[in-house]
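These protein sequences, in sequence, are chains G, S and R. Residue numbering for the first sequence follows this note's numbering, beginning at 1 and increasing consecutively. Residue numbering for the second sequence follows this note's numbering, beginning at 1 and increasing consecutively. Residue numbering for the third sequence follows this note's numbering, beginning at 1 and increasing consecutively.
Among these hints, one or two may not hold up.
[Claimed, not checked] Derived Cβ-Cβ restraints for the label pairs, each shown as a range: (1) G/Ile211 - R/Arg3: 37 to 43 Å; (2) R/Ile117 - G/Phe127: 36 to 42 Å; (3) G/Gly104 - R/Leu16: 51 to 57 Å; (4) R/Arg225 - G/Ile211: 28 to 34 Å; (5) S/Arg84 - G/Thr6: 56 to 62 Å; (6) G/Leu11 - R/Arg225: 45 to 51 Å; (7) G/Arg69 - R/Ser84: 25 to 31 Å; (8) R/Val137 - S/Asp14: 57 to 63 Å; (9) G/Arg69 - S/Pro44: 29 to 35 Å; (10) G/Ala213 - S/Asp181: 53 to 59 Å; (11) R/Ala38 - S/Ser92: 41 to 47 Å; (12) G/Ala105 - S/Pro137: 41 to 47 Å; (13) S/Arg84 - R/Leu195: 48 to 54 Å; (14) G/Ile211 - R/Ala38: 50 to 56 Å.
[Claimed, not checked] Listed below are several chain G residues computed to face chain R (Cβ distance under 10 Å; list not exhaustive): (15) Leu121; (16) Tyr123; (17) Ala124; (18) Arg139; (19) Leu157.
Worth flagging that the hints you see were computed from the coordinates, not collected in a lab. Glycine included, every Cβ here is placed at the ideal spot set by N, Cα and C.
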Amino acid sequence: MTRIGTALKWLLLVWMAVVIWAAFMWVPSASGFKGESSRIVFFHVPTAWVATLAFLVSCVASVMYLKRRSPQDDNRAAVSAGLGLVFAVLATVTGAIFAKIMWGAYWNWDPRQTSITILLLIYAAYFALRGAVPDPEKRATLAAVYSILAFVTVPFLMFVVPRIYWSLHPDVITNPDPDNRLDSAHLRVLLASLAGFTGLYVWLYTLGSRIEAIRHRRRQEVL
Amino acid sequence: MVPPVSAGISITFDDVAKRYDLRVIFRAVSGRVDPGEVLLITGPNGSGKSTLLAILCGLLRPTRGVVRYRRDGGDEVSREEWRRHLGVVAPSMAVYEELTALENLGFYSRVRGLDLPIAIQRGLLERVGLDPDRTTPVRGFSTGMAQRLKIAQALLHDPEVLLLDEPSSNLDPAGQDWLEDQIGALVADGRTVVLATNDRREMTWGSRRVSLAG
Amino acid sequence: MSRWLAEVLAVAGKDLRTEFRTRVALNALALFALTTLAAVSYTIGPYRLSAEDRPFLLSVLLWIVIFFAALAGLDRSFVKEEESHTAGLLRLAAAPTVVWAGKLVYNLVLILVLMAILAPLFCVLMGFEIVMPWRFVAVLAAGGFGLAVTTTIVAAIIAQAMTRGALFSVLSLPLLLPLLIFLIQGTTAVSTGDLATWSASLRAVLSMAGVMTVVSALLFPVVWRD
Numbered sequence: 001m002t003r004i005g006t007a008l009k010w011l012l013l014v015w016m017a018v019v020i021w022a023a024f025m026w027v028p029s030a031s032g033f034k035g036e037s038s039r040i041v042f043f044h045v046p047t048a049w050v051a052t053l054a055f056l057v058s059c060v061a062s063v064m065y066l067k068r069r070s071p072q073d074d075n076r077a078a079v080s081a082g083l084g085l086v087f088a089v090l091a092t093v094t095g096a097i098f099a100k101i102m103w104g105a106y107w108n109w110d111p112r113q114t115s116i117t118i119l120l121l122i123y124a125a126y127f128a129l130r131g132a133v134p135d136p137e138k139r140a141t142l143a144a145v146y147s148i149l150a151f152v153t154v155p156f157l158m159f160v161v162p163r164i165y166w167s168l169h170p171d172v173i174t175n176p177d178p179d180n181r182l183d184s185a186h187l188r189v190l191l192a193s194l195a196g197f198t199g200l201y202v203w204l205y206t207l208g209s210r211i212e213a214i215r216h217r218r219r220q221e222v223l
Numbered sequence: 001m002v003p004p005v006s007a008g009i010s011i012t013f014d015d016v017a018k019r020y021d022l023r024v025i026f027r028a029v030s031g032r033v034d035p036g037e038v039l040l041i042t043g044p045n046g047s048g049k050s051t052l053l054a055i056l057c058g059l060l061r062p063t064r065g066v067v068r069y070r071r072d073g074g075d076e077v078s079r080e081e082w083r084r085h086l087g088v089v090a091p092s093m094a095v096y097e098e099l100t101a102l103e104n105l106g107f108y109s110r111v112r113g114l115d116l117p118i119a120i121q122r123g124l125l126e127r128v129g130l131d132p133d134r135t136t137p138v139r140g141f142s143t144g145m146a147q148r149l150k151i152a153q154a155l156l157h158d159p160e161v162l163l164l165d166e167p168s169s170n171l172d173p174a175g176q177d178w179l180e181d182q183i184g185a186l187v188a189d190g191r192t193v194v195l196a197t198n199d200r201r202e203m204t205w206g207s208r209r210v211s212l213a214g
Numbered sequence: 001m002s003r004w005l006a007e008v009l010a011v012a013g014k015d016l017r018t019e020f021r022t023r024v025a026l027n028a029l030a031l032f033a034l035t036t037l038a039a040v041s042y043t044i045g046p047y048r049l050s051a052e053d054r055p056f057l058l059s060v061l062l063w064i065v066i067f068f069a070a071l072a073g074l075d076r077s078f079v080k081e082e083e084s085h086t087a088g089l090l091r092l093a094a095a096p097t098v099v100w101a102g103k104l105v106y107n108l109v110l111i112l113v114l115m116a117i118l119a120p121l122f123c124v125l126m127g128f129e130i131v132m133p134w135r136f137v138a139v140l141a142a143g144g145f146g147l148a149v150t151t152t153i154v155a156a157i158i159a160q161a162m163t164r165g166a167l168f169s170v171l172s173l174p175l176l177l178p179l180l181i182f183l184i185q186g187t188t189a190v191s192t193g194d195l196a197t198w199s200a201s202l203r204a205v206l207s208m209a210g211v212m213t214v215v216s217a218l219l220f221p222v223v224w225r226d
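Start from the sequences, fold in the hints, and give me the full structure.
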């Protein structure tokens with residue numbers, strides 16, 4: 001464990017603690033939001049962002065695996081996907097809670113909820129596939145191909161669906177972009193939270209990759 | 001029509017090993033076979049003969065080691081091109097049951113980009129003794145007939161290399177005699193043959209040998 | 001080029017011929033589609049939905065039937081080769097892109113035949129009014145292509161795994177959901193006569209199918225070979 005690494009870990013801990021305190025204590029409740037519900041935005045938006053980032057990292061690692069056939073790339077893809085799944089679940093749950101408080105229903109299939117659901121389904125499918133292939137090289141290859149396939153459908157989800165989708169369903173409750181309603185204090189805490197959660201992801205990802213690398217080295221000693 | 005074989009193909013394999021996760025099939029196997037030779041791959045059941053054969057076909061990647069196909073002039077044949085020069089007969093590789101013998105050969109010929117006329121396909125079926133049964137779906141074949149069809153399929157594109165995994169299995173004694181003659185003729189013609197076997201008779205057909213015992 | 005095409009058609013032809021003789025996938029597709037259609041027609045029928053809901057809800061139902069029928073039968077192209085142990089000789093005889101394109105053509109034929117029978121039947125039984133019939137055909141064709149292309153590459157992937165049945169649906173659905181959304185929109189549009197939405201939806205479907213075609217053509221050899 002390098003000294004910089006240890007220092008960064010402590011920094012992350014302090015950072016997140018400050019963010020959590022600020023989210024609950026320092027920032028006043030935002031206008032236009034019911035009760036204290038605006039505070040969940042500080043956790044919901046970053047987890048959704050990290051879920052997407054993790055997916056991106058996983059896909060890049062997959063492409064690298066197909067190019068270099070290095071087991072480390074496959075490990076990284078799997079670790080990142082695992083983290084992405086956890087954060088996607090967190091994002092879905094926090095989003096549903098927010099939706100319930102603001103609009104009375106946990107789930108109304110607006111574009112964002114639809115997108116995060118599909119991301120969850122992609123992660124679930126990815127791990128189902130990994131679980132179904134016993135041979136490590138085959139598993140790595142097939143998983144890599146699938147994550148690339150999933151990746152190419154995501155832009156259609158994120159950008160094209162929201163634009164077209166609404167013309168059909170004007171009566172569905174709209175989801176106003178919370179960022180528009182936040183003043184500078186809120187914005188600062190949100191950005192800090194984003195940075196903190198990203199740091200959390202990077203730390204967990206590095207840890208997971210190292211563990212997998214050790215596991216892999218132990219297996220290699222057999223041959 | 002495939003042009004006649006000009007220069008044969010040699011196969012060399014160095015330090016080839018295969019492992020599935022924690023299970024080692026074999027380690028550090030090397031060998032070589034030249035045109036006009038028959039290389040035997042022998043070893044007890046489960047020693048990995050079929051696996052090694054699959055690696056030599058290009059169907060499996062070795063965990064370690066290199067397999068090379070080279071022409072007499074020294075030009076190397078790339079792995080993607082091996083299949084054009086290979087004829088394979090193996091118990092693990094079947095032909096299409098729902099199609100007839102002739103339809104099977106027609107398919108393999110078309111998909112290889114050969115488009116051999118029916119007369120030639122029938123000629124091949126006659127050579128393996130299946131012409132009278134050419135319009136029967138393979139599902140109705142005896143195991144011996146199916147084996148003959150597999151051999152026909154392997155010879156269809158006149159390959160320089162033949163990889164055979166226990167080719168006389170399911171053949172009656174007359175069939176085995178016939179197969180021995182066929183292999184003899186192919187070898188005399190400058191083809192390269194690799195034969196994976198435990199059968200005593202088949203083992204007499206080889207000049208070189210690689211053993212996977214233990 | 002023409003030789004490549006002949007090889008592709010050899011693969012597609014072989015699959016269609018085999019399928020015609022055994023009818024396993026056809027039965028799966030047809031039985032699923034017809035049973036679901038009968039159930040929907042019986043419970044909902046032409047009268048139960050209000051006029052303003054009909055275009056959208058009937059679109060949804062139609063595509064759900066098509067999609068699930070597709071998931072019932074379109075994995076067979078690759079799974080059968082592995083199960084019958086014919087994949088080895090195919091790998092040795094055919095170039096990888098030939099195999100991919102041939103199986104794609106096969107899946108495409110199956111799904112288009114299914115739609116040709118199912119769509120008119122659905123419209124008749126459910127009283128689905130189509131204001132722009134040729135544009136409806138365009139949506140069906142585009143959707144069929146999108147379905148075929150996606151299920152072909154996913155079938156190739158799962159054929160190499162264990163536990164194939166459920167895995168095919170699990171892997172296909174996330175990739176097909178965006179397609180489904182656009183197809184429902186486009187079909188609703190041909191029922192209400194909304195040209196702008198139809199055009200936008202068709203373009204979205206075609207671009208998704210196009211991207212999926214290119215990406216799966218590039219990735220297929222990796223999946224097919226070891």
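Violations among the numbered hints: 1, 12
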